[in-house]
Amino acid sequence: MQTILLLGVGLAAGVVSSMLGVGGGIILVPLLILLMNLEPHQAVGTSLAIIIPTVLAGALTHYRLGNVNVQLALIIGVGGVVGAVVGAHFAEALPSLYLKKVFGVLLFIIAIKMIVSR
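Residue numbers are given in the numbering used here: position 4 of the sequence shown equals residue 4, and the series is strictly consecutive.
Treat the hints as calculated values from the structure; they're not laboratory data. Given the structure is predicted, the values throughout are model-derived calculations rather than measurements. Mixed in with the good hints, there may be bad ones.
To be verified - Here are the computed distance ranges between Cβ atoms for each label pair:
| # | residue 1 | residue 2 | range |
| --- | --- | --- | --- |
| 1 | A49 | G77 | 15 to 23 Å |
| 2 | M1 | V70 | 39 to 47 Å |
| 3 | S117 | Q42 | 18 to 26 Å |
| 4 | A93 | M1 | 35 to 43 Å |
| 5 | H41 | R118 | 35 to 43 Å |
| 6 | G79 | G8 | 16 to 24 Å |
| 7 | N69 | L5 | 15 to 23 Å |
| 8 | A111 | L5 | 22 to 30 Å |
Built from N, CA and C at the ideal position, the CB exists for glycine as well.
Can you make the complete structure from the sequences, with help from the hints?
Here it is in structure tokens:
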């Protein structure tokens with residue numbers, strides 16, 4: 001039963017990630033914390049590992065559909081790689097409770113922004 005639940009979580013993350021261009025981590029991190037009782041640091045790392053095949057599949061599909069600006073993706077991607085390494089080290093230095101609160105506040109701000117924007 002747990003395997004079916006986890007497959008459903010992955011399916012939801014893949015659909016949302018590919019439809020909206022957001023990382024599946026927005027869905028995965030809270031669910032890994034709530035459903036699997038992972039610590040925030042483990043949830044973030046696990047989410048990133050899960051997202052690798054999801055993002056590749058979504059990016060390739062959007063590329064084939066002509067929806068990728070390759071030049072922008074490459075330039076911003078380089079900064080993203082550096083930022084990911086720096087961010088992982090910053091996250092590791094934070095206590096789990098603080099990391100969980102930062103993530104919650106970020107989700108709240110994103111939700112409010114999406115609700116009030118046209």
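If you check the beta carbons of A93 and M1, does the distance land in 35 to 43 Å?
-> Holds: the Cβ-Cβ distance is about 37 Å, inside 35 to 43 Å.
Requested in this report: Hint says 15 to 23 Å; check whether the CB-CB distance for A49 and G77 agrees.
Outcome: holds (18 Å)
Quick check on a hinted range of 16 to 24 Å for G79 and G8, using CB atoms only. Distance hint for G79, G8 is violated at roughly 33 Å.
Review point. Per the hint of 18 to 26 Å, is the separation of the Cβ atoms of S117 and Q42 within bounds?
Key: violated (33 Å)
Next on the checklist: Please check whether A111 and L5 have a Cβ separation lying inside 22 to 30 Å.
Outcome noted: Between A111 and L5, where Cβ atoms are some 24 Å apart, the hint holds.
M1 and V70, beta-carbon distance inside 39 to 47 Å? holds (42 Å)
Q | Beta-carbon spacing of N69 to L5 - inside the hinted bounds 15 to 23 Å or not | A | violated (37 Å)
Please check whether H41 and R118 have a Cβ separation lying inside 35 to 43 Å.
holds (37 Å)
Violated hints, listed in ascending order, are 3, 6, 7; each of the other numbered hints is respected by the structure.
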